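A.B. asks: In case you want the letters, here they are:
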Amino acid sequence: MLYVPIGYTFGAGMFKMDSIRGGSPYGAGVFSGDGSREPSEKELELAQHQGNSKILHSSTMETLLTLNPLKPQTHLLKLPNFPIYPRISTHRCSFSPISCKLTSQPSKDTTNSKIVVPGAAPSLSEEKEPPAAPAEGSRRKDAGGVVVKRLTKKVLSFLANLPLAIGEMFAIAALMALGTAIDQGEKPEYYFQKYPEDNPILGFFSWRWILTLGFDHMFSSPVFLGTLILLGASLMACTYTTQIPMVKVARRWSFLHSANTIKKLEYSDSLPKASIQDLGVVLSGAGYEVFLKGPSLYAFKGLAGRFAPIGVHLALLLIMSGGTYTATGSFKGSVTVPQGLNFVMGDVLGPSGFLSTPTEAFNTEVHVNRFSMDYYDSGEVSQFHTDLSLFDIDGKEVMRKTISVNDPLRYEGVTIYQTDWSISAIQILKDGEGPFNLAVAPLTVNGDKKLYGSFLPIGNADSTNVKGISMLLRDLQSVVLYDQEGKFAGVRRPNSKLPIEIDGTKIEIVDAIGSSGLDMKTDPGVPIVYAGFGALMLTTCISYLSHTQIWALQDGTTVVVGGKTNRAKIEFPDEMNRVLDRVPEINQPSDVICG
Amino acid sequence: MIFSTLEHILTHISFSIVSIVITLHLITLLGNEIIKPYDSSEKGMIATFLCLTGLLITRWIYSGHFPLSDLYESFIFLSWCFSLIHIVPYFKKRKNYLTTITASSTIFTQGFATSGLLNEIHKPTILVPALQSEWLIMHVSMMILSYAALLCGSLLSVALLVITFRNIFYSSKSNNLLKLNESFSFGEIQYKNERNNIFQKNSFFSDNNYYKAQFIQQLDYWSYRVISLGFIFLTIGILSGAVWANEAWGSYWSWDPKETWAFITWIVFAIYLHIRTKKNLQGANSAIVATLGFLIIWICYFGVNLLGIGLHSYGSFTLTSS
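Residue numbers (UniProt numbering), protein chains in the order written: chain A, 1 to 595; chain B, 1 to 322.
Source of the hints: derived by calculation from the structure; they are not laboratory data. Given the structure is predicted, the values throughout are model-derived calculations rather than measurements. Glycine is no exception: its CB is placed at the ideal position from the N, C-alpha and C atoms. Please note that a few of the clues may not be correct.
Calculated cross-link-like contacts (lysine-lysine; reagent style PhoX-like; alpha-carbon spacing at most 20 Å) [what the hints assert, rightly or not]:
1. B/278 <-> A/564
2. A/506 <-> A/430
3. A/263 <-> A/569
4. A/42 <-> A/16
5. A/264 <-> A/42
6. A/497 <-> B/92
7. A/467 <-> A/487
8. A/396 <-> B/92
9. A/564 <-> A/264
10. A/467 <-> A/506
11. B/43 <-> A/569
12. A/263 <-> A/564
Chain A is faced by these chain B residues, among others (derived, beta-carbon under 8 Å) [to be verified]:
13. 61
14. 249
15. 268
Output of the computed footprint for chain B on chain A, the stretches with three or more beta carbons under 8 Å from beta carbons of chain B [as the list claims (entries may be wrong)]:
16. 171 to 183
17. 287 to 297
Generate the whole structure from the sequences, applying the supplied hints.
C.D. replies: Here you go:
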C-alpha cells in the first residue's frame with residue numbers, strides 16, 4: 001500500500017475553518033454523511049490539488065518505473081473517491097514529459113500494475129480492471145507475438161533516443177567535411193601518392209583507410225549511406241514515438257476553474273471590474289481562438305507551431321526517399337555536339353542505378369541547328385544559345401526550341417540543359433580555294449576562360465618539322481593569326497570577308513563553328529524531392545510560431561487571467577499586457593454580467 | 001563615373017559612422033549614466049543602414065544586376081544585413097542585447113571588404129551566364145541573411161559561455177564552494193522551474209548572482225530566437241539553391257564543397273535546436289554547439305572560397321595584397 005500524503009502543501013486553504021469540510025494533511029476526503037452530501041468546493045479543490053501534486057506523480061513514477069514488468073503486482077494508491085479523477089489521465093502541460101514517457105512505453109500496458117481506487121467508486125476501478133486478467137491469459141497464449149512487439153518497442157525507443165540522433169547528425173557532418181577535404185573520384189595511384197603509408201597524416205591516416213572505407217567516393221560509400229539510413233530510421237522512430245503523442249497531449253485542453261491555479265501560471269494578472277466576455281472579444285481580435293463556458297475562458301494561438309516539427313521530419317523523409325529514387329532510377333549524360341550534327345538520346349544517357357528503365361523518348365534524335373553566343377561590350381561572353389530540333393523515330397520533327405543557360409528544354413521526361421560550349425572547327429578560304437574545315441583543339445580550359453587553337457600547315461604536311469599558320473580563338477568573335485615563325489600577324493572576324501596575307505598565303509576566315517555542350521537527364525525523383533522541399537520550407541517557417549494558451553476566470557467582478565507559451569517567452573508578458581490594456585473597465589455595477 | 005564616386009562616398013560615410021557608433025558604445029560602457037549617446041548611436045546606425053542601402057542600390061543600377069555576384073559584393077550585403085538586424089528591434093521599441101554585436105559585426109565585415117585584402121578593384125563586374133537568373137536574388141540573399149542571423153545568434157551564445165565560465169572561475173577563486181554550487185544549480189533550478197513563481201519570491205541568493213543569471217537567461221533566450229530565425233532563412237536558401245541548380249545544371253545536389261558545407265552548417269544548427277528541446281541539456285551545452293556553428297559558418301562562407309574549386313567558384317579570390 002502506497003500512501004502519498006499531501007502534507008500542508010495545499011497552503012492557506014488548509015486552515016480555513018469557515019465551512020465544514022473533509023480532507024486532512026493525509027489526503028483529500030469528503031464528509032458525505034449518509035452518502036447524500038455532495039463534495040463542497042473546498043473539498044474538490046483539495047482533491048484537485050492532490051491529483052496535481054508533483055509529489056504524487058513523482059513517487060508514482062518511481063514506483064511504476066521500478067516495477068518488474070513480469071511480476072504481477074497491484075499497487076494501491078490512496079486517492080479520494082471522486083468521479084473527477086478521470087481527468088488526471090488527460091492532464092497535460094507540466095506533466096507532459098511524464099505522460100509521454102508512459103505512453104511511449106506501452107509495454108507497461110501488458111503488465112499488471114494499475115491504479116486501483118478503493119472504496120465507493122466502483123465505476124473507476126472497473127474501467128481499470130480489464131488489464132488484470134486478460135493480460136495474463138493473453139501473455140501465455142501469445143508469447144511469440146508479444147516478444148516481437150516488445151522487440152519492436154525496444155528498437156523504436158532505441159532509435160528515437162535523442163542523443164543517438166544527435167550523434168548520427170554529428171557523424172554525418174564529420175563525414176561530409178571529410179568528403180570535401182579528401183579529393184573525390186581520383187585513381188588509386190593518386191591516393192597512394194597523396195596519403196603515403198610511410199608518412200601518414202595524424203600518424204595513422206594513410207591511403208589504406210581511404211580506399212577500404214570508400215572515402216574516395218564518400219557520398220556514395222557504404223559508411224555514409226549507412227549513417228544516412230540510420231538517421232532516416234531515427235527520424236521515423238522519433239516521429240512515431242515522441243512527436244505524435246506530444247501532439248495528442250497538446251491538443252487536449254480544459255478550462256481551469258480555480259483562480260489560484262490560474263495565478264500559478266507563468267504569467268498571470270487580474271483585472272478588477274472587467275467582464276470575461278470583453279476579454280474574449282479582445283482576444284479573438286488579437287488572433288486567438290476563444291472558448292467561453294460560463295465563467296471560464298480558454299484561448300489559444302499558434303497551435304500549428306506544435307504540429308510543424310512533425311511536418312519537418314516528414315518533409316525530410318520525403319526528401320530522402322526522393323533522393324534515393326533519383327540515385328537509383330535516373331539517367332544522365334553529357335555530350336558536346338558541333339553545330340550541324342545530331343545524336344540519339346539513348347546513346348548519350350546512361351543509367352545511374354538498378355531502378356533506371358529507359359522510356360520511349362530515348363529514341364528521339366536531337367539535331368543541333370545552330371550554336372551562337374552573345375557578348376558584352378567588353379567582349380566577355382554574356383550568354384550562349386543552341387537551337388535544337390527533336391525528331392522522333394519516324395523522322396518527324398516533334399519539338400524545336402532554342403535553349404540557353406538557365407533555360408533548358410523539356411521533352412517527355414528528358415531535360416536538356418545548356419551547360420558548356422566549345423569550338424569545333426574554323427572554316428577558311430586559302431588562296432581563294434575552299435572552304436576548308438580546320439579542326440580546333442582546346443589549349444587551356446579554365447572555367448569560363450578558354451583558349452582554342454588551330455593550325456594550317458604550309459608546305460609539306462608530312463615532314464617532321466611542319467611549319468604553318470597558327471590561329472588562336474578565345475570565342476567565336478575573332479581569330480588571332482600567327483605566322484610561321486610564331487609572330488603575331490593579325491586579327492580577323494569570321495564572316496568579315498577580309499582576307500589576311502601571311503607569308504604569301506591569303507587566308508580568309510569564313511566562319512568559326514562552335515559546338516554546344518549539352519547535359520541531359522531524366523529524373524523521376526524530382527517531383528517527390530520538390531514536394532519535400534516545399535513542405536520543408538513551409539513547416540520550418542511554421543515551427544517558429546509559439547503556442548500560446550490563456551485561461552481566465554470570472555471571479556465576482558474580477559477577471560483572473562493567466563497564460564503560458566512555449567517559445568516566445570520574453571515577448572509574451574508584453575503581448576499580454578497590450579491585450580489586457582484593451583479590455584474595457586466596467587464602472588457601473590449593473591453592467592457586470594455574471595455567470 | 002558619377003556612380004563610382006557616389007559609391008566611394010557612401011562607403012566612406014557608412015564606415016565612419018559605424019566607427020563613431022562603436023566609440024560611443026564604448027563610452028557608454030565606461031560611463032553608465034549617459035543616455036544621450038545611446039540614442040544618437042541608434043540614429044547613427046540608422047544613417048549607416050541608409051548609406052549601405054544606397055551603396056547597394058547604386059551598384060545595382062550601375063551594373064545592371066543585383067549586387068551579389070562576387071565576394072566583395074556579398075560582404076557588403078552581409079554588413080547591410082547586420083545593420084538591418086540591428087535596427088529592426090529598435091523600430092519595435094524593444095531594447096535588446098544584440099546592439100553591440102551587430103554594430104561591431106557591421107564594421108568588421110565592411111572594413112574587411114573595403115580593405116586591400118581582396119585584391120580585385122571594387123568595380124562592378126559583369127555577370128557570367130550561369131548567374132543570369134532570377135534565382136540569384138532569392139538564393140544568395142537568403143543565404144547571406146541567414147549567415148548574418150546565425151552569426152549574431154552564435155555570438156550571443158559565445159558571450160553566454162564567456163560569462164558562465166567567468167562566473168565559475170571567479171566563484172572558485174573566492175574559495176566559496178557554496179556560492180559555486182549556488183551559481184551553477186541556480187541556473188539549473190531556474191531552467192527547471194521556469195513556470196514556478198517560487199524562485200522569484202525566494203531571494204536567498206545574492207543579488208549579484210541573480211542579475212548575472214537573469215542576464216544569462218536573456219542571452220540564452222535571444223540566442224535561441226535569433227538562431228531559429230536564421231535557421232529558417234538557411235533552409236529556404238539551401239532549398240532555393242537546390243531548385244536553381246536543378247534548373248541550371250540538371251542536378252539539385254551535386255556534393256559541391258559549398259553546398260556540402262552549407263548542409264553541414266544546417267545540420268549543426270539543427271543539433272543546436274534539438275539540444276534545446278531537452279530542458280536539462282540547455283544552457284552551456286547548446287551554447288557550445290552554437291559556437292561550433294559560428295566557426296563552421298566562416299568555413300562555409302569564406303574558407304570554401306579560398307579553395308576556388310567547384311561550381312561556386314564565382315566567389316573565389318586570392319589573398320595577395322595590392
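A.B. asks: Each hint: holds or not?
C.D. replies: So, going through the hints one by one against the coordinates:
no., hint, result
1, B/278 <-> A/564, "18 Å, holds"
2, A/506 <-> A/430, "6 Å, holds"
3, A/263 <-> A/569, "17 Å, holds"
4, A/42 <-> A/16, "9 Å, holds"
5, A/264 <-> A/42, "18 Å, holds"
6, A/497 <-> B/92, "69 Å, violated"
7, A/467 <-> A/487, "12 Å, holds"
8, A/396 <-> B/92, "65 Å, violated"
9, A/564 <-> A/264, "10 Å, holds"
10, A/467 <-> A/506, "16 Å, holds"
11, B/43 <-> A/569, "29 Å, violated"
12, A/263 <-> A/564, "11 Å, holds"
13, 61, "17 Å, violated"
14, 249, "6 Å, holds"
15, 268, "6 Å, holds"
16, 171 to 183, "holds (count 6)"
17, 287 to 297, "violated (count 0)"
Violated hints for the displayed structure, listed by number in ascending order: 6, 8, 11, 13, 17.
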